[in-house]
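Asker: Next come the chains, spelled out residue by residue.
There are 2 protein chains.
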Amino acid sequence: MPGRRALVQSQILTAAADLFRARGYRAATLDELAKTLRMSKATLYGYFRSKEEILAAIFHRTMSLFEEGISAIRRGSATPDEQIRRVIRHHVRAVVAERSFLTVFFSEEANLPAHLARHITARKARYDRTVLGIVQAGRRAGVIATSHPRLLVFALLGMSNWVYRWYNPRGVWDADAIADGLIALAERGYASARRSDLTPTRLARLSRDIRALHTLLGSKRPGRRRP
Amino acid sequence: MPGRRALVQSQILTAAADLFRARGYRAATLDELAKTLRMSKATLYGYFRSKEEILAAIFHRTMSLFEEGISAIRRGSATPDEQIRRVIRHHVRAVVAERSFLTVFFSEEANLPAHLARHITARKARYDRTVLGIVQAGRRAGVIATSHPRLLVFALLGMSNWVYRWYNPRGVWDADAIADGLIALAERGYASARRSDLTPTRLARLSRDIRALHTLLGSKRPGRRRP
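Which chain is which? The protein sequence lines are A and B, in order. Mapping the first sequence onto my numbering, position 108 (from 1) lands on 142, and the numbers just tick up by one. Mapping the second sequence onto my numbering, position 31 (from 1) lands on 65, and the numbers just tick up by one.
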């Protein structure tokens, strides 16, 4: 259970993410942040030594959110295609639940100090490789079809992460409805109706042929297994 | 043909977008920009009165790039599904060709003055509605299948725009290869192999059953049309 210090730290980060998202990191000041939190600046400095340290903590917390998500998904015994569904769902839920964190994460990278930017880049690359590993396991299992696994990873994460730009908390869709829609699109594509319209037609034609044969033969339907 | 003034303005915007992308808009200074351009600050001020005016021009130019693209796509006589392919391709090409502009556009919105932010929001909403119109025309024509047209629009623009975050100019994929991959995924989905692998197999099995029955019966294949 987190102690009081960790709780206050978390409150500060949430308020800071909201402020940075609304005003931009560089434009926002620690005076504004302290005022929002009804906290003296001296108290605020007791938790974070600088605005940059707060930005770094926002980046670390956001990366951890994704890393913990993918670890839980990998630990389970779900098939690769189910794991990919869960990755999409985890991203959409994270973006919806922590929109300010994600907006800062996606917008303020240029303001990270160089050593931290390199560290975050490495963690992101490791994360992408883990998702790529699931896609490749899915290809081997024959449940994921793609000739460009890396492009598939970026496409899936892109459509899921992009939710941070258009999600409306007062809208009709919650995170799971959005995730369901994205999963359906990613799995079947938007041109699926045309294809699945043809297959029943061809099946119906074959069934008619078989019925005609039965009539000609005056027999019952033959068994499916042959020697 | 653009005059010299327009050419210099365009050079300034390109250099500014590169600088803002690398350093962040707020951190970048007009001194740095003038130095990069080998131009005096006085000359620079002859083209743009402030850093904010440069940011505004970057946003306008980026919006115009997308608006001109969609106008050209709408003007043609392509079917709605082909129009959607062209929208995806236009986004990927724009992101790859103008990565700095797009990065600033996607990251620095919080730094726009309020009246300009509202103006850009309205133009973006109009753009999204135009793409939505194509999707809805595609549904009516039976070539686009989706129960959530708006979600489909955001998913397609999201996977295409996200390229700005991972595109590597030294990588093996050019814009058109990326667009081809995204179009294939968006149209058919990554689970297509399972379906398309199974369906032909099942259809072929049925055909074999029918042929075997014909052989047993000693008859020709019955005609397809019956009263």
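Everything labelled a hint here was simulated from the structure, so no lab data went into it. There could be a bad hint or two in this list.
Derived list of chain B stretches under chain A, where covered just means 3 residues or more per stretch with a C-beta under 8 Å from a C-beta of chain A [unchecked claim]: (1) 173 to 182; (2) 208 to 216.
BS3-like, lysine-lysine: derived pairs with alpha carbons at most 30 Å apart [said to hold, decoys possible]: (3) A:Lys-158 / A:Lys-85; (4) B:Lys-85 / B:Lys-75; (5) A:Lys-85 / B:Lys-85; (6) B:Lys-69 / A:Lys-85; (7) A:Lys-69 / B:Lys-75.
All residues carry an ideal CB built from backbone N, CA and C; glycine is no exception.
Asker: Checking against the hints above, which ones are violated?
Answerer: Checked against the structure, the only hint that fails is number 7, while the rest are satisfied.
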